[in-house]
Amino acid sequence: MGFYLLTYLLTLANDTDVDYGRGPWIRKLRMDLSEDVIEGLHLAGDSVHIPDQSFLLLLRIVSESIVDRRPADPHLSAKKEFGSVDRGTLKQVYAALGALLLEAAKLDKDVAAVSQVLEDCKFSQERIKQLIAVYQQHKQPLRSVLSKIGSNLPHVVDVDWRLDYYIKNNNLEKVSRPVFLIDLKTRVNASEETETVQIACTQDQLQDLVGKLRDACKGLERVAQL
Amino acid sequence: MLLILGDEHKQHLEYLCSVSLDVVQEFCRLSVEFLMKGTNAKIYNSAAQKLGVEAIIIQKAIEGLMHLFLESSKLLLIESDFQDSVKAAGFSDELQSELLRCYLENQADIRRIQLDISMGLSHYRDLEWRLDVKLASRSLRHQVEPVVTMKLHVKDSGKEETRLLQTDPVNLVHMTRTLEEALQELNSAHCRRICRNF
Chain A
1 MGFYLLTYLL TLANDTDVDY GRGPWIRKLR MDLSEDVIEG LHLAGDSVHI
51 PDQSFLLLLR IVSESIVDRR PADPHLSAKK EFGSVDRGTL KQVYAALGAL
101 LLEAAKLDKD VAAVSQVLED CKFSQERIKQ LIAVYQQHKQ PLRSVLSKIG
151 SNLPHVVDVD WRLDYYIKNN NLEKVSRPVF LIDLKTRVNA SEETETVQIA
201 CTQDQLQDLV GKLRDACKGL ERVAQL
Chain B
227 MLLILGDEHK QHLEYLCSVS LDVVQEFCRL SVEFLMKGTN AKIYNSAAQK
277 LGVEAIIIQK AIEGLMHLFL ESSKLLLIES DFQDSVKAAG FSDELQSELL
327 RCYLENQADI RRIQLDISMG LSHYRDLEWR LDVKLASRSL RHQVEPVVTM
377 KLHVKDSGKE ETRLLQTDPV NLVHMTRTLE EALQELNSAH CRRICRNF
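Read top to bottom, the protein sequences are chains A and B.
For reference, each letter of the first sequence is one residue, going 1 to 226 in this note's numbering.
For reference, each letter of the second sequence is one residue, going 227 to 424 in this note's numbering.
Hints are computed from structural coordinates only; laboratory data are not their basis.
For glycine and all other residues, C-beta sits at the position ideal for the given N, C-alpha and C.
Errors might be hidden in some of the hints.
[Claimed, not checked] As a list, the in silico DMTMM-like pairs of lysine to aspartate or glutamate whose alpha-carbon atoms are at most 25 Å apart:
id : chain 1 : residue 1 : chain 2 : residue 2
1  : B       : Lys313    : B       : Glu252
2  : B       : Lys381    : A       : Asp208
3  : B       : Lys360    : A       : Glu192
[Claimed, not checked] The calculated label-pair distances, taken between Cβ atoms and stated as ranges, are:
id : chain 1 : residue 1 : chain 2 : residue 2 : range
4  : B       : Gly384    : A       : Leu107    : 45 to 55 Å
5  : A       : Asp160    : B       : Ser318    : 54 to 64 Å
6  : A       : Asp52     : B       : Glu407    : 51 to 61 Å
7  : B       : Ala274    : A       : Tyr165    : 45 to 55 Å
8  : B       : His368    : A       : Gln125    : 27 to 37 Å
9  : A       : Tyr166    : B       : Glu371    : 32 to 42 Å
10 : B       : Glu371    : A       : Arg222    : 17 to 27 Å
11 : B       : Val370    : A       : Gln207    : 25 to 35 Å
12 : B       : Val370    : A       : Val111    : 17 to 27 Å
13 : A       : Asp208    : B       : Ser318    : 47 to 57 Å
14 : B       : Glu371    : A       : Glu193    : 13 to 23 Å
[Stated by the list, open to error] Sample of chain A residues with no beta-carbon within 12 Å of chain B, all distances over it, derived:
id : residue
15 : Ser34
16 : His49
17 : Asp52
18 : Leu56
19 : Ser65
20 : Asp68
21 : Arg70
22 : Lys79
23 : Glu193
Could you put the whole structure together from the sequences, leaning on the hints where they help?
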C-alpha cells in the first residue's frame, strides 16, 4: 500500500494544468505542482483549517509513512489531534504535503526553493521553519526511496557456489572432472524476492569468468581514481 | 577391458566382411558423420542401389558401426582393448586395422558429442560487462549511481542463451572474491586427493 501511495502522490505532483496563463504564481513555483496540491498547501498553511498541533503531527506522519513505506492509517481522522479538522480537508492536506516533500526531494531542491513555494502559499514563518526542518531531516531517505522506483535489470546481490566431481553418466564412463555449480541470486525491481540464475562451469570456464570479473573490478578502480 | 559385441550386433556388422576395403572406409566415414550430424536415409538408399543389396542391410551395418564406436568411446577403450574386442568378433585383419584407424582418429570428437548430449545444466560460455553511471530517472533527478551491466552467455544442450544482469560495485567485488575462493578450493589437499583417486 505504501508503494501505491508513493506513485499516487507522484502523479498528483506531475499532473499540471497546461493552461500556464492561470496566475503567474504557478509559473514561479518551478516545481510543477498541480492545482490540487497548491490548493492543499494553502489549506495546510491556514491555521483556521489546520491548527498548529495538528500541523506538526501531520508533517511527521506524512514523512515517516513515505520513508518507512508504511500504508497510510485509514483511521487517521479519528485521532483526537485531528478532531476539529474536516475529513476532506485532512485528506487533501495530507496528499499536498506528501507531494511537496517528494517533488522537492526528487528535484533536489534546496531550502530556499521550498521556502519560496511555502511563502507563495501563505505559510506563516513558524510553519515554514517546521516544514523545512522535516524536509531536511528526511531528504536523503526520501531520495533513497525514490531511487528504487523504476525498472531495472535483475540485480545480482549474492553468489553461491558448489564444487562437484563429475564421475560418470549414462552415456560415458570415466568423465572424471570437477564441475562448479554457481548460483547468482538476483533481485528484480526493489522487491524483496530473489530469483536465481544457475550456471555450471568447468575449471577453465570458471577461470575465464573470474578473469573477466577481475578486469571489471580493475576498470572500476581506475574510474574511481579519476 | 573388452567390449563384448552382442550376436545381433555381430550379424549386422558381418556385411562388412563381404565388401571391399574402400566400401568399408566409406561406411566408417559415413558412420562418424552420422554421429556428428545425424542420419540421412537417402544415403542408405543410394548406397543400396550402387551395391545391389537391400537398404536395410546397409542401414544395419552403418548403425552397427556407430554403436561400436559409441560404446568404445564410452568405455574409453585403448588401442589394444579395441583391437582385442574387434578380433573376438571375427573380423579380418584388414577390417580390424581400418576400424581401429577410424576409432582412434575420431575418438576425441565422439566423446565431445557424448559429453554435449549429457549436459543437463546451462554451461557458462562468456561474460561481457560494461560500466554505466545512472544520472537520473523519471522519479529521481541528480543521481550518481554506478551500475555494472553484464551479459552472460550460456549454452544448454546445444541451445545458446544470453542473460542480462546488473550489479553495483560492492556486489561485483563480492562476487569476484567469492568465485576466487571457489577456484582456490580446487587446489586444496582434500579436493586433490579425491581427484587423484578417480
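Now the hints, each set against the structure:
1. B:Lys313 <-> B:Glu252: Holds: B:Lys313 and B:Glu252 sit about 21 Å apart, inside 25 Å.
2. B:Lys381 <-> A:Asp208: 15 Å, holds
3. B:Lys360 <-> A:Glu192: Between B:Lys360 and A:Glu192 the Cα gap is close to 22 Å, so the pair holds against 25 Å.
4. B:Gly384 <-> A:Leu107: 45 to 55 Å: 52 Å, holds
5. A:Asp160 <-> B:Ser318: 54 to 64 Å: 58 Å, holds
6. A:Asp52 <-> B:Glu407: 51 to 61 Å: At roughly 60 Å between Cβ atoms, B:Glu407 and A:Asp52 fall inside 51 to 61 Å, so the hint holds.
7. B:Ala274 <-> A:Tyr165: 45 to 55 Å: Distance hint for B:Ala274, A:Tyr165 holds at roughly 47 Å.
8. B:His368 <-> A:Gln125: 27 to 37 Å: 28 Å, holds
9. A:Tyr166 <-> B:Glu371: 32 to 42 Å: Check passed, 41 Å falls within 32 to 42 Å.
10. B:Glu371 <-> A:Arg222: 17 to 27 Å: 18 Å, holds
11. B:Val370 <-> A:Gln207: 25 to 35 Å: Roughly 34 Å apart at Cβ, these two residues keep to the hinted range, so it holds.
12. B:Val370 <-> A:Val111: 17 to 27 Å: Given about 21 Å between the Cβ atoms, the range holds.
13. A:Asp208 <-> B:Ser318: 47 to 57 Å: 48 Å, holds
14. B:Glu371 <-> A:Glu193: 13 to 23 Å: 22 Å, holds
15. Ser34: Per Cβ check, A:Ser34 is outside 12 Å of chain B; nearest 16 Å; holds.
16. His49: 30 Å, holds
17. Asp52: Non-interface label stands for A:Asp52: nearest chain B Cβ at 32 Å, farther than 12 Å.
18. Leu56: Holds: least Cβ distance 27 Å, greater than 12 Å.
19. Ser65: 18 Å, holds
20. Asp68: 18 Å, holds
21. Arg70: 19 Å, holds
22. Lys79: Given a closest Cβ separation of 30 Å, the condition holds.
23. Glu193: Fine: 16 Å to the nearest Cβ keeps A:Glu193 off the interface.
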